[in-house]
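Undergrad: The residues making up each chain are set out below.
Number of protein chains: 2
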Amino acid sequence: MLRLALRPCIISSVVQDSIRILQAQGYKVTKPRRQVLEALEGAQKPVSPYDVQSTLRKQGKYLNHVTIYRILDLFCRLNLAHKVLSSGGFVKCGLGNEAGCHRFMVCRCCGVLREFVDEELCKKESKSAVNLGFHTEYHLSESSGLCSECYRKRFGE
Amino acid sequence: MLRLALRPCIISSVVQDSIRILQAQGYKVTKPRRQVLEALEGAQKPVSPYDVQSTLRKQGKYLNHVTIYRILDLFCRLNLAHKVLSSGGFVKCGLGNEAGCHRFMVCRCCGVLREFVDEELCKKESKSAVNLGFHTEYHLSESSGLCSECYRKRFGE
DNA sequence: AGGCTAATTGCAACAATGTTGCGTTTAGCA
DNA sequence: TGCTAAACGCAACATTGTTGCAATTAGCCT
Ligand SMILES: [Mn+2]
Ligand SMILES: [Mn+2]
Ligand SMILES: [Zn+2]
Ligand SMILES: [Zn+2]
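Protein sequence lines correspond, in order, to chains Z and U. In terms of the working numbering, the first sequence is residues 220 to 376. In terms of the working numbering, the second sequence is residues 220 to 376.
If you're looking for bench data, these hints aren't it; they were derived computationally from the structure. The reader is advised that the hints may include incorrect statements.
To list a few chain Z residues with every Cβ distance to chain U over 10 Å, as calculated [as the list claims (entries may be wrong)]:
no., residue
1, Q235
2, Y246
3, Y281
4, L282
5, R289
6, R333
7, E376
Per the computed footprint, the stretches of chain U lying under chain Z, defined by three or more beta-carbons under 8 Å from a beta-carbon of chain Z, are [unchecked claim]:
no., segment
8, 272-281
9, 336-345
10, 349-356
Glycine included, every Cβ here is placed at the ideal spot set by N, Cα and C.
With these hints in hand, go ahead and build the complete structure from the sequences.
TA: Laid out in structure tokens, this is it:
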């Protein structure tokens with residue numbers, strides 16, 4: 220029923236919601252999975268797998284790091300968690316706009332990355348943040364998809 | 220003259236441009252730095268420090284990995300290169316919109332991260348990409364700056 | 001051109017992060 | 001209350017990133 224690829228991520232999900240989704244998808248609800256869910260729920264900022272481990276350890280709960288990696292992988296596949304960033308590499312600057320606004324497109328097929336400029340987008344993005352009480356100093360945006368070439372290869376002209 | 224914090228990144232910079240900037244800022248133009256610049260110039264996708272190392276090794280050029288880390292750090296400080304992503308951690312999903320559009324604000328001071336939704340922004344972003352021949356399937360956007368609380372602490376009401 | 005010196009690099013040792021294969025445990029179910 | 005596939009723990013390993021210090025070198029000054 221719930222088609223994974225199209226489902227938006229969980230709205231301010233509490234642990235219980237996530238557990239229901241695990242079950243709905245036929246995954247077991249294990250103690251380690253509950254514990255990682257709680258650690259994520261409790262965190263105010265992004266946490267690495269080892270962060271999760273030490274958080275839990277402080278509560279007297281011992282999970283092997285391999286287990287945490289596997290659980291976080293699963294949660295990401297189920298849209299219960301995000302990895303906050305995508306690629307990890309360096310890239311030369313492309314066409315420059317304002318310092319502090321960097322906007323990329325990455326082709327998921329061939330991997331080419333292109334930086335582009337959109338002043339209007341930049342302003343809208345900041346304004347949108349202001350409405351939420353956030354003072355923006357820096358944008359980083361990645362769109363992933365297909366470059367024109369890879370798109371052509373798949374779907375023709 | 221050239222104030223670093225305000226300078227936009229290099230426009231389709233060739234190695235020579237970057238070298239001029241190194242000199243202008245009083246940094247030495249060394250063989251390793253030239254080589255890393257050339258490796259970045261030559262790459263079609265983001266590259267890790269170790270990627271740079273092996274690329275160079277294939278050309279019979281041997282740089283210690285520590286050197287490469289330090290050079291890439293410098294280049295980023297000088298806006299000669301980007302790290303393509305920011306934090307590296309996991310975060311729970313916040314308010315969900317379309318699957319495939321994730322938009323965050325991160326406070327550079329306290330680290331809180333908040334996901335938010337902006338349909339209009341999402342459409343504009345895709346349209347902007349289409350104009351460049353790119354078919355977008357997924358957005359990831361991070362704005363960094365100050366959350367309302369940290370902003371107040373610094374600049375009052 | 002040759003020497004001086006602060007900046008930069010190389011090296012060694014280490015720390016942190018991430019992966020794989022396989023034996024053991026356990027959640028969910030009959 | 002057992003059965004079994006799924007999930008976990010462990011060991012061993014691979015990759016990535018960091019630190020302190022000795023050796024080298026780019027840029028400058030004779
Ligand atoms: Mn840029
Ligand atoms: Mn999301
Ligand atoms: Zn492509
Ligand atoms: Zn803050």
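Undergrad: Test the statement that Y246 of chain Z is away from the interface with chain U: the closest C-beta pair must be farther apart than 10 Å.
TA: holds (17 Å)
Undergrad: Count the residues of the segment 349-356 of chain U with a beta-carbon closer than 8 Å to any beta-carbon of chain Z: does the count reach three?
TA: Check passed, 6 qualifying residues.
Undergrad: If you look at each residue in the segment 272-281 of chain U, do at least three have a Cβ nearer than 8 Å to any Cβ of chain Z?
TA: Contact hint for the segment 272-281 of chain U vs chain Z: violated, 0 residues under 8 Å.
Undergrad: Taking the minimum C-beta separation from R333 of chain Z to chain U, is that value above 10 Å?
TA: violated (7 Å)
Undergrad: Determine whether the non-interface label on R289 of chain Z survives the test: each CB of chain U must be over 10 Å from its CB.
TA: The claim stands: R289 of chain Z keeps its Cβ more than 10 Å from every Cβ of chain U (closest is about 13 Å).
Undergrad: Can we confirm that no CB of chain U comes within 10 Å of the CB of L282 of chain Z?
TA: L282 of chain Z is indeed farther than 10 Å from all Cβ atoms of chain U, at 15 Å.
Undergrad: Check the non-interface label on E376 of chain Z: least C-beta distance to chain U beyond 10 Å or not.
TA: Since the minimum Cβ distance to chain U is about 12 Å, E376 of chain Z lies beyond 10 Å and the statement holds.
Undergrad: Under a C-beta cut-off of less than 8 Å, do 3 or more residues of the segment 336-345 of chain U approach chain Z closely enough to confirm the stated coverage?
TA: holds (count 6)
Undergrad: Would the non-interface assignment of Y281 of chain Z survive a Cβ cutoff of 10 Å against chain U?
TA: About 20 Å separates Y281 of chain Z from the closest Cβ of chain U, which puts it past 10 Å; holds.
Undergrad: Would the non-interface assignment of Q235 of chain Z survive a Cβ cutoff of 10 Å against chain U?
TA: Answer for Q235 of chain Z: holds, closest chain U Cβ roughly 13 Å.
Of the numbered hints given earlier, the model fails hints 6 and 8; all others are met.
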